[in-house]
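Grab the two chains, each in its own frame, and use the hints to assemble them into the complex.
Residue numbers (UniProt numbering), protein chains in the order written: chain A, 1 to 99; chain B, 1 to 416.
Hints were generated in silico from the structure; no laboratory data involved. A portion of the hints provided could be inaccurate.
[Said to hold, decoys possible] Beta-carbon label-pair distances, calculated as ranges:
no.	chain 1	residue 1	chain 2	residue 2	range
1	B	A217	A	P87	31 to 41 Å
2	A	R27	B	H136	35 to 45 Å
3	B	E54	A	P89	30 to 40 Å
4	A	R27	B	E222	36 to 46 Å
[As the list claims (entries may be wrong)] Straight-line distance between alpha carbons at most 20 Å, and here's what the computed SDA-like set of lysine to any residue pairs gives:
no.	chain 1	residue 1	chain 2	residue 2
5	A	K50	A	D92
6	A	K50	B	A300
7	A	K50	B	E222
8	A	K50	B	G142
9	B	K53	B	Q23
10	A	K50	B	K352
11	B	K98	B	D407
12	B	K352	A	Q37
Every residue, glycine too, gets a C-beta built ideally from N, C-alpha and C.
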Amino acid sequence: MLIITCPWCGARPEVEFRYGGEAHIARPADPSALTDQEWADFLYNRTNPKGLHAERWRHMHGCGRYFNALRDTVSDFFVTTYKAGEPRPDIDGSSGGNP
Amino acid sequence: MQKFSGFELFRRALGGHKSWQPQWRNPEPKAEYDVVIVGAGGHGLAAAYYLAKEHGITNVAVIERGWLGGGNTGRNTTIVRSNYLFDESAGLYEHAVKLWEGLSQDLNYNVMYSARGVLMLAHNHHDEISFKRHVHANRLNGVDNEWLTAEQVKEFCPPLNIKSMRYPIIGGALQRRGGTARHDAVAWGYARAADSRGVDIIQNCEVTGIRRGPSGAVEGVETSRGFIRAKKVGVSAAGHSSVVMAMAGVRMPLESYPLQALVSEPVKPAFPTVVMSNTIHAYISQSDKGEMVIGAGTDAYTSYSQRGALHIASHTLDAICELVPQFRRLRMLRNWGGIVDVTPDRSPIIAKTPVPGLYVNCGWGTGGFKATPGSGHVFAHTIARDTPHAINAPFTLERFRDGFLIDEAAAAAVAH
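Bound conformation, chain B alone (with noise of 0.2 Å):
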């Protein structure tokens, strides 16, 4: 792997930038390989990466059926937080926030994981009692958050309206470790990592089937390129993991819905941190790039169309406009939807299953991009070791039959 680094940027561009060579190799897949994670984006790739960096494990391959961070990581709104409310979930996302404060070293790729803040705005009392119990949860858990009165969100992000609207804020919690990360590069970042540490990467290859031994025991997976052979098989598929455990045959607790998200033209930094509002319906921030990056809510329906109807985004907009008024002269660039895999109580699965050889990290719903360096870190434990590690031992398969839910379906930041 060519090291990146300020000397090497300038003696290449000596060399009018003419000797970089591509970052990941694109091999054509071996005939059997320890473990197969099936989808390659920012969950898929980092369980790949940890697994041959901290279990040296490195005959691996991540099978992707499309491009590399092609799926919900180039789709979504970028945000990084751990303000969860109940103790397992704010250990798996601090988890995770703490590999993102150094994970641009780790990887020697900068991810640009910028720690703005994440405010979130509370315009009724029933905000504010549920705020302020999440402030008191998250500081008993560690995790940074704080009460702001209106005055003092005014001042922490001055384009906000606070007064002339229909439902003022009256205050917000604020995680200033919590800001947003380029997408695309946390994908390549561990993509060119792992690939460097042997795991081979291989796209455009469809799996189209899991085959089991006599025994239920994984074999391998069938894919659009033969079948290649496993000893172990990590699906990491979001929208689309009930389609590939299916082939499997087990049943999940899973519906896909369509999310929604759009930018607008890019403007000069006007918005400092990211806002979000559960009330009015809104989160915003502002891209590296300059656009106001605007995330919508859930479709009502399953579907795996990436896209959903405009009275969603719609809707969204008039949050946006009556929260910041300068943003009413903004043209929209573009908007897009994801597949998102929900479970009934919001919150993720990273577990064996009960197929023997068969591991499963999916359910993330509305809010994986934020994990995926947690994720892929304690996914890759659980293949390794064929047992969960302790921040992902909560997130079982069978806490739907035991009835140990992790109900964070209130917790989250804007409800889908």
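Same shape as in the complex, but just chain A (with noise of 0.2 Å):
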């Protein structure tokens, strides 16, 4: 079970949280005006990166609010945690944790 830090509460087991998907992909400002190509890459489309990955999280039952993560999707390690609305910090290469 993978350990996550909440920005808020600390850290916590995965049991607390609930995944939720590709961090940064925001709602189109106007949605009526995009193809359906657009459409498409934000509905479905992901990144799927081998390696760091962007995503977000809700501490579930914790205190409810959704947060950001970077993680190693090769070793599942957690290189940081930050909340939603901060741009996704500026840290690339492999975690170096523990695996």
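Shown next, in the form of structure tokens:
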């Protein structure tokens, strides 16, 4: 089980959280102006990287708030977590943390 | 290819079984192929086999990063069924079941397809009406499926506890032609049969890039063993499909999740069929080795780690113990994870791509093994003819743009 650090509540076990998918996918400002392909990109197409992934989590059984995390999808190591609305931290490369 | 037969077995036994040859070659990659398939799992090997057998294209390489059948082909719970709700899915999976039925003879390799039945349990009214809807939809599509009462369920599968549990069993949907097959034998059988028709299976060779020409068309693949020129490239890379397709600049509607399974210590034959329960989340069958093969759910988050959290497996075991109380004394032997590529509508993509000469077979999510022969068959057709087979025509990449989703999400055997 993963240990996830909620930016508000601190380190908690994974079962307190709900995964929210890829982060930083903004809802289109003018939806009616989008082409079908742009809608498909927004709704369905995902980066699904092998490596660092910016993703949303919700602390369901805690504060109930969404936040973002940077996790290495090869090792499942959390590099960092940060509050919703903050930009993706400028971190790259491998986690170097526990596998 | 050495043909397997009872006589051959007897003849070689007289020689102390010393004259058997390796079942496929281990060739060096050639400079150029007509078709390169990326990924030597069941689907990729099957595609290569049908390219050679049905379309006469034998200058084919199957390129594999690890060893053949070492990914999800060797990690699944070996269940075969075709009781899908929608017409498109029923057509695709039933095509596969029909091929399963003659596969051992076709490949001259015993894939141990065992039509022992797949029984899906209903625990509440919603399950009952949902499964009955499936039964009727299936029968309209010529797929066998029948409704059993709780007593008939008990009679068909005596180890089940149907009454003294939190969610008693009120009935079930049974597909008698469903069952299991031996997963490794499927990969080995296709590899052997494809190899004997001239297909090169190149293991320990990682694709690192897809080269495209000035027109945008595929020219070949960069690999850890050098550039391999190819007129057509078929990507059949399961959990890594997003990664491989990104090499060609194509963004996919896929997310890769860990899916866990586990097996018990081997015991005498004790469980006659495949049982699935969506409501309490369990599915179980007994392998020919005697192990109880148990499938868990996916973990919540995307990952390429090929492992998941213990609470996922534990949750499934809770359900198994309630469903079959005698299994409470079984010890679990090992558990593992595979990386499954899941589409938004839980249906696969077997299609041409926006890149000329590049084809993709992916998105099988949590249930690709059952489709192996049918998937390879229609993928080979798509590559050879540059146009989809009628069966896989609905399973395009463009359906996500055009809104023609095949929403089988609720029709999966267990929720993932």
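Hint by hint, here is what the structure shows:
1. Between B/A217 and A/P87 the beta carbons are some 38 Å apart, a value that agrees with the proposed interval 31 to 41 Å.
2. The hinted range of 35 to 45 Å is satisfied by A/R27 and B/H136, whose Cβ atoms lie roughly 39 Å apart.
3. For the hinted restraint 30 to 40 Å between B/E54 and A/P89, the CB-CB distance of approximately 52 Å leaves it violated.
4. The hint said 36 to 46 Å for the Cβ distance between A/R27 and B/E222, and at roughly 37 Å that hint holds.
5. Note on A/K50 and A/D92: the hinted pairing holds, with a Cα-Cα distance of about 13 Å set against a maximum of 20 Å.
6. Proposed proximity of A/K50 and B/A300 is supported: the alpha carbons are some 16 Å apart, at most 20 Å.
7. For the given pair, A/K50 sits about 19 Å from B/E222 by alpha-carbon distance, which is consistent with the 20 Å threshold.
8. About 41 Å separates the Cα atoms of A/K50 and B/G142, which puts this hinted pair outside 20 Å; it is violated.
9. Note on B/K53 and B/Q23: the hinted pairing holds, with a Cα-Cα distance of about 18 Å set against a maximum of 20 Å.
10. For the suggested pair A/K50 and B/K352, the alpha carbons sit about 24 Å apart, so the restraint of at most 20 Å is broken.
11. Among the hinted pairs, B/K98 with B/D407 is inconsistent with the structure: their alpha-carbon atoms are about 23 Å apart, more than 20 Å.
12. Taking the CA atoms of B/K352 and A/Q37, the gap is near 17 Å; set against the 20 Å cutoff, the hint holds.
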